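A.B. asks: Respectively, the protein sequence lines represent chains W and S.
All residue numbers for the first sequence refer to the numbering used here, where the first residue is 1 and numbers rise by one.
All residue numbers for the second sequence refer to the numbering used here, where the first residue is 100 and numbers rise by one.
FYI, nobody ran anything at the bench for these hints, they're computed from the structure.
Being a predicted model, the structure only gives us computed values, none of them experimental.
By construction, the Cβ of each residue, glycine as well, lies at the ideal position given by its N, Cα and C atoms.
Do not take every clue at face value.
A few chain W residues that face chain S, going by a derived Cβ cut-off under 10 Å, partial list only [said to hold, decoys possible]: (1) V11; (2) N39; (3) G54; (4) V67; (5) A69.
Just so you have them, the derived chain S footprint on chain W, three or more residues with Cβ under 8 Å [what the hints assert, rightly or not]: (6) 14-25; (7) 55-66; (8) 76-90.
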Amino acid sequence: MSLGWYLCVSVLIFSIGAAGVLVRRNPLVVLLCLELMLNAANLALVTFSRLWGGESGQIFALIVMVVAACEVTVGLGMLVAISRRNLPVDVDQLHELNG
Amino acid sequence: MSAVLFFIAAIAAIVGAIGVVALRNPLYAVLALVCHLISLAALFLLLRAEFVAAAQVVVYAGAVMVLYVFVVAYVGGGDEIAAGSALRILGPIFALALAIELFIAMLGSALKGISGKGAPYVPGFGTPEQIGKDFLTVYLFPFEVASLLLLVAAIGAVVLARRRRGLDEEDVDEIARLLAAPRPSYTGTIAEGVGVRKVLDLIEEAHGGAIEIVGGGAASEAVPAAPTPSSTSTSTSTATAQAPVATAIPEDPAEHEEPDEHEEDEEK
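Only chain W is shown next, with the shape it has when bound in the complex (with noise of 0.2 Å):
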């Protein structure tokens, strides 16, 4: 297979998970929907390193996988507070800090 389909199926991923972000409200979609994005991302970094015979785009791939995983405790956590206070779970009533 030639490298340009990879790099065509995570274009698809990452406009699939764009649009999540922005038609989604529950939060905890958005943030499987971030997922989405940040594969994609991992997904062309492990094809350009395939491209070009270095692992320095694997090494990439790697920390954007330790970003994302800090990203989902930390929203998460958020999640689970937002709960606990009895507030909507939803992305569009949650504008307190808007402005």
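Position chain S relative to chain W; hints supplied.
C.D. replies: Frame of chain W, contents of chain S only:
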């Protein structure tokens, strides 16, 4: 063979991604993401990134998704309200535009390599050995920064999600009642901590009633003129003989809980 594997994995990944966005129930969305991540790991294997594929399955599809499932179970993934009409239409349009732009950027680039199969395969490419060697030599600093980031995230999550219960209305009333009640002025002080209390308990035992030491000027203000029912008469004179200035006050049933209530008050 690799083409067949690629198409199976790619279609599974895209279907999983669509499932994440389209499924209403958050639990099913999480399961769709697990399917997506595992097929993505297959794609990584096809790209000869063995270690990244293993980390993807173990860390992502294993640990992170378990976290998601727990939070879905905790929060309770109910069906959500439909999105506002403007974003509901504009979101997919924006995503489509983004996809077209990215296709142009990726495939229209002058990179000759993307129509080929990549660099010639060197044995050892992408193995844990090679990745580990890179991480501990060239990329040592990002490696350490990543560990620090994980630590910060763990502490942040604990701080964010810890139980931080405020006081209810009846709690406030209860605490106000307890604070207004007469109590020995040494409760909750260092004097109590170092064991003066024990001596005073002995004195109390001897006289059968609580004793209050009025140390300075401020301490005496802390005791309000409480409605004293009775039993005040128990040997004020003998108490003064042993303590500097002591007066007997009625036994307060709640005095032992007093330090805890103080703590809760400060936290609030």
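A.B. asks: State for each hint whether it applies.
C.D. replies: Tested hints:
no., hint, in the structure
1, V11, "holds (4 Å)"
2, N39, "holds (6 Å)"
3, G54, "holds (8 Å)"
4, V67, "holds (7 Å)"
5, A69, "holds (6 Å)"
6, 14-25, "holds (count 11)"
7, 55-66, "holds (count 9)"
8, 76-90, "holds (count 10)"
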